[in-house]
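Now for the letters of each chain:
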Amino acid sequence: MEEADTPLLELRGISKEFPGVKALDEVSFAVFPGEVHMLLGENGAGKSSLMKVLCGAYRADAGEFYYKGEKVTISSTTEAQKLGIAVIFQEFSLVPHLDIAQNIFLGREPKGRIPGTIDRRRILADAKRVLDTIGFDIDPSITVDKLGVAQQQMVEIAKAISQNARILVMDEPTAALSDRETELLFALIARLKADGVAIVYISHRMAEVFALGDRITVLRDGRRIDGVRPADVTPDQLVRMMVGRTVDMTYPRNFADKPGEVLLSVKGLTSPTGISDIDIEVRQGEIVGLCGLVGSGRSEVARAIFGADPLTGGEIIFDGKTISGEPDVAARRGIALIPESRKSEGLALLRSVGDNLVVSALRKLFPSGLFDPRRAQRTSDSLIRQLRIATPSARQTVGLLSGGNQQKVVIGKWLAAGAKLFIFDEPTRGIDIGAKSEIFALIDRLVAEGAAALMISSEQVEICHVCDRAYVMREGRIAGHLARNELTEENIVRLGMHHA
Amino acid sequence: MTDITKEAISPPRSFLSQDAIQVFYRLLAALLICAVLAVLSDSFLSLGNVLNVLRQASLTFFIASGLTLVVLTAGLDLSVGANVALSACLAGTVIHQTGSPVLGILTALVVGGVVGLLNGVMVTALRIPSFIATYGMLWVLNGLTYWYMAGDTIHGFPAGFRQIGSGYLFGLPIPVYLLLIFLAIGTLFAQRSIWGQEIYAIGANPIAARLSGIPVARRLLLVYAVSGTMAGLASIIFLSRLNSAEADIGESLTLPAIAAVLIGGTSLFGGVGTVFGTFVGALILTLVLNGMNLLSVSANWQPLVTGVIVILAVWLDMQTRRRSQ
Numbered sequence: 001m002e003e004a005d006t007p008l009l010e011l012r013g014i015s016k017e018f019p020g021v022k023a024l025d026e027v028s029f030a031v032f033p034g035e036v037h038m039l040l041g042e043n044g045a046g047k048s049s050l051m052k053v054l055c056g057a058y059r060a061d062a063g064e065f066y067y068k069g070e071k072v073t074i075s076s077t078t079e080a081q082k083l084g085i086a087v088i089f090q091e092f093s094l095v096p097h098l099d100i101a102q103n104i105f106l107g108r109e110p111k112g113r114i115p116g117t118i119d120r121r122r123i124l125a126d127a128k129r130v131l132d133t134i135g136f137d138i139d140p141s142i143t144v145d146k147l148g149v150a151q152q153q154m155v156e157i158a159k160a161i162s163q164n165a166r167i168l169v170m171d172e173p174t175a176a177l178s179d180r181e182t183e184l185l186f187a188l189i190a191r192l193k194a195d196g197v198a199i200v201y202i203s204h205r206m207a208e209v210f211a212l213g214d215r216i217t218v219l220r221d222g223r224r225i226d227g228v229r230p231a232d233v234t235p236d237q238l239v240r241m242m243v244g245r246t247v248d249m250t251y252p253r254n255f256a257d258k259p260g261e262v263l264l265s266v267k268g269l270t271s272p273t274g275i276s277d278i279d280i281e282v283r284q285g286e287i288v289g290l291c292g293l294v295g296s297g298r299s300e301v302a303r304a305i306f307g308a309d310p311l312t313g314g315e316i317i318f319d320g321k322t323i324s325g326e327p328d329v330a331a332r333r334g335i336a337l338i339p340e341s342r343k344s345e346g347l348a349l350l351r352s353v354g355d356n357l358v359v360s361a362l363r364k365l366f367p368s369g370l371f372d373p374r375r376a377q378r379t380s381d382s383l384i385r386q387l388r389i390a391t392p393s394a395r396q397t398v399g400l401l402s403g404g405n406q407q408k409v410v411i412g413k414w415l416a417a418g419a420k421l422f423i424f425d426e427p428t429r430g431i432d433i434g435a436k437s438e439i440f441a442l443i444d445r446l447v448a449e450g451a452a453a454l455m456i457s458s459e460q461v462e463i464c465h466v467c468d469r470a471y472v473m474r475e476g477r478i479a480g481h482l483a484r485n486e487l488t489e490e491n492i493v494r495l496g497m498h499h500a
Numbered sequence: 001m002t003d004i005t006k007e008a009i010s011p012p013r014s015f016l017s018q019d020a021i022q023v024f025y026r027l028l029a030a031l032l033i034c035a036v037l038a039v040l041s042d043s044f045l046s047l048g049n050v051l052n053v054l055r056q057a058s059l060t061f062f063i064a065s066g067l068t069l070v071v072l073t074a075g076l077d078l079s080v081g082a083n084v085a086l087s088a089c090l091a092g093t094v095i096h097q098t099g100s101p102v103l104g105i106l107t108a109l110v111v112g113g114v115v116g117l118l119n120g121v122m123v124t125a126l127r128i129p130s131f132i133a134t135y136g137m138l139w140v141l142n143g144l145t146y147w148y149m150a151g152d153t154i155h156g157f158p159a160g161f162r163q164i165g166s167g168y169l170f171g172l173p174i175p176v177y178l179l180l181i182f183l184a185i186g187t188l189f190a191q192r193s194i195w196g197q198e199i200y201a202i203g204a205n206p207i208a209a210r211l212s213g214i215p216v217a218r219r220l221l222l223v224y225a226v227s228g229t230m231a232g233l234a235s236i237i238f239l240s241r242l243n244s245a246e247a248d249i250g251e252s253l254t255l256p257a258i259a260a261v262l263i264g265g266t267s268l269f270g271g272v273g274t275v276f277g278t279f280v281g282a283l284i285l286t287l288v289l290n291g292m293n294l295l296s297v298s299a300n301w302q303p304l305v306t307g308v309i310v311i312l313a314v315w316l317d318m319q320t321r322r323r324s325q
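The listed protein sequences derive, respectively, from chains A and B. For reference, each letter of the first sequence is one residue, going 1 to 500 in the working numbering. For reference, each letter of the second sequence is one residue, going 1 to 325 in the working numbering.
Since the hints were made in silico from the structure, they are not lab data. Computed from a predicted structure; not experimentally measured. You may find that some hints are simply not true.
Claimed, not checked - Covered stretches of chain A, as calculated for chain B (at least 3 residues, CB under 8 Å):
#1 343-350
#2 356-368
What the hints assert, rightly or not - Chain B residues, not near chain A, derived (Cβ > 12 Å throughout):
#3 Leu32
#4 Asp42
#5 Thr93
#6 Leu109
#7 Ile128
#8 Gly143
#9 Tyr146
#10 Asp152
#11 Pro173
#12 Ile174
#13 Glu246
#14 Ala299
#15 Thr306
Backbone N, C-alpha and C define an ideal beta-carbon position, used for all residues, glycine too.
Whole structure, please, built from the sequences with the hints as guidance.
See the structure below:
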């Protein structure tokens, strides 16, 4: 019997730094046997980093771990496993074409009599026993690819239990589950608790936090803000703890007195990528924010408007006319997409800065179809000057530029193309603070000159600072709209979280 | 300040400087091979032999030029040889039946182009990797040609038609004129048309190209159709030069064409290479094989030497590129 007053696992002053970011800053917290410990925080608060440190995928730069009061190290996944720590990620690590039993005992299969074979009878019996302990009634010889998300999650948990996991870390386990499946999971969690398993549970759903949590730790900017018990706080107090990130605000924004004509009007947009009934309007001279949690469907909306994903319903009206088709149609009409992953989706990294700058403007620059390298050179040289792209010349390979300058090249190619609506997906991700201000100043200038911008950002401060207004998404739908005077971090988080 | 001086002495800036360097090294290599062969063999520099090398190189180049565009998009067309065979046999039949070389030429171009277009449809609409789509097409075309010919040979074409492959104009073989024409067209298309620029962009990063507003599927269709049409053109030269058509004439054509593309510096990963490089690649390949003939080296060694040159050329490319980055 474990003593309830010694934590099963305690973290003291855990820090983890990446170039330019302090992902974890002296985080301390403890989990006790038989309790559910909720981890709460915005995008980028440090939850994922903490999870990776716990399972040994990241090695903490500083800090100490105590297991049942004794000092231990977690510097590899094997060490974490030995301590009984198991993580159920959102992306499962199961092998689709192997059966449930093989997945549970992957790499630890009971050996058959002939070398290299598996003892089928034993592995199935062992699997059955593990599945029984978590109350999951299923034939262990079914292959995993035939299972639904909830069932796969059960197999992951069974796998963890079979490895004698005593500390189970779960990353938004209900994100892809139906109400009924969620109930089953909660029943299982109650069962594991009764067995003395400690559960670290990351969630964005307020209802879960209060229904399941025995203790809540709130993270922000990689720091532990507070540790509370659900009985002592209200949802509003928790939201207030999560927001209030401090970011250096040096970029200017000149808000227009009156926005111009409606440039983009999206009605009932639905796509197989998981977004439905999206209504969005963007006017000339506006920067409209599109926020919500990571995975709420923000990028999918951007891609659907641009024609990069198919639509199953709804209408996109741009500049007074309906638009449909592939991205080349949207681009020709004047829509620009500055994608989140600029290296894989925004640039041809091995080509030159110049090649990348003119690629979207070929038809506009050379209506005859004849490419003139000198004209292309002049165009890219002028963009390099205008955007102050730090590059020795237009011939430089674009992959060698810094993140901020690469982002300027992506924006530049749409300036050359004469785009009227710029859709930015996380425009400042991985960019240093100076380049950030420059990019915001640039967006501000664009809309002042009559263009419009739709901006996705996980940095709520940025949205509040630069946007005229914002839509907040939750689970593939628009959860609400915030006008300029309502645009606060608290409101964004409140709308983006799950209250049901 | 230094920038200004650098600009003043460097040639007109183009976006293909890296490619220009690669082609330059290849031309040097070709000249070096010529010099060595001139020393080793008296007959190498004879007019007859030089013209023979050029004609031989042109035959490889026609197929390889269209293939270059496909490879620039990070694709591959393995069906070109089989396409040449089918186009030649159908064109030969048309000439025999109608007596009209013009109709025959049109047949070859249309058949070649349609086959290419089908490849393009498989790659774009059906999303089959080009390597597999065109490999399957190779077998389909071979099957059709063997079934259609049923072991026959079509032989004997009008003298005017035979001039295309074996005639001379101002002392140069007619295929050499065709070579120069298509080298110019191919280079202009790849380097000086916006479609060419888009093809490079697609090869360098197809996802970014699509999200930059390039109609990727349409450009790929075009590229495969051009590759097929060039195979159709090559089939006419073969038909005219051999004065006969058989089902198996395409079998030894595809791999040398791919070799010319690779020796010419076009990367199988797409986005890098030139049509002119492919011409030099075809020239190098032909020179080496010609030299081996002149020096009475057994023909059995030719595949081995070809393989070594391909590996060497690609490896040297990777070295120079790595250093430049």
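Hint-by-hint comparison with the structure:
Under the rule that three or more residues need a Cβ within less than 8 Å of chain B, the assignment of the segment 343-350 of chain A holds, with 7 such residues. A count of 6 residues in the segment 356-368 of chain A with a Cβ less than 8 Å from any Cβ of chain B is obtained; the coverage claim is therefore met, three being the minimum. Every Cβ of chain A is farther than 12 Å from the Cβ of leucine 32 (chain B); the closest lies at roughly 29 Å, confirming the non-interface assignment. Annotated as non-interface, aspartate 42 (chain B) keeps its C-beta farther than 12 Å from every C-beta of chain A; the closest such distance is 45 Å.
No Cβ of chain A comes within 12 Å of the Cβ of threonine 93 (chain B); the nearest lies about 37 Å off, and the non-interface call holds. Against the 12 Å criterion, leucine 109 (chain B) stays outside the reach of chain A, whose nearest CB is about 22 Å from its own CB. Isoleucine 128 (chain B), annotated as away from the interface, keeps every beta carbon of chain A farther than 12 Å; the closest lies near 19 Å. In this structure glycine 143 (chain B) is separated from chain A by more than 12 Å, as the shortest Cβ-Cβ distance comes to about 34 Å.
The non-interface label for tyrosine 146 (chain B) is consistent with chain A: the shortest C-beta to C-beta separation is roughly 39 Å, beyond 12 Å. The beta carbon of aspartate 152 (chain B) is kept farther than 12 Å from every beta carbon of chain A, the shortest such distance being approximately 45 Å. No beta-carbon of chain A comes within 12 Å of the beta-carbon of proline 173 (chain B); the shortest separation is about 31 Å. Separation of isoleucine 174 (chain B) from chain A is adequate, the least Cβ-Cβ distance of about 29 Å exceeding the 12 Å criterion.
With a minimum CB-CB distance of about 41 Å to chain A, glutamate 246 (chain B) clears the 12 Å threshold, and the non-interface call stands. Annotated as non-interface, alanine 299 (chain B) keeps its C-beta farther than 12 Å from every C-beta of chain A; the closest such distance is 39 Å. The claim that threonine 306 (chain B) lies off the interface holds: its Cβ sits roughly 28 Å from the closest Cβ of chain A, which is beyond the 12 Å cut-off.
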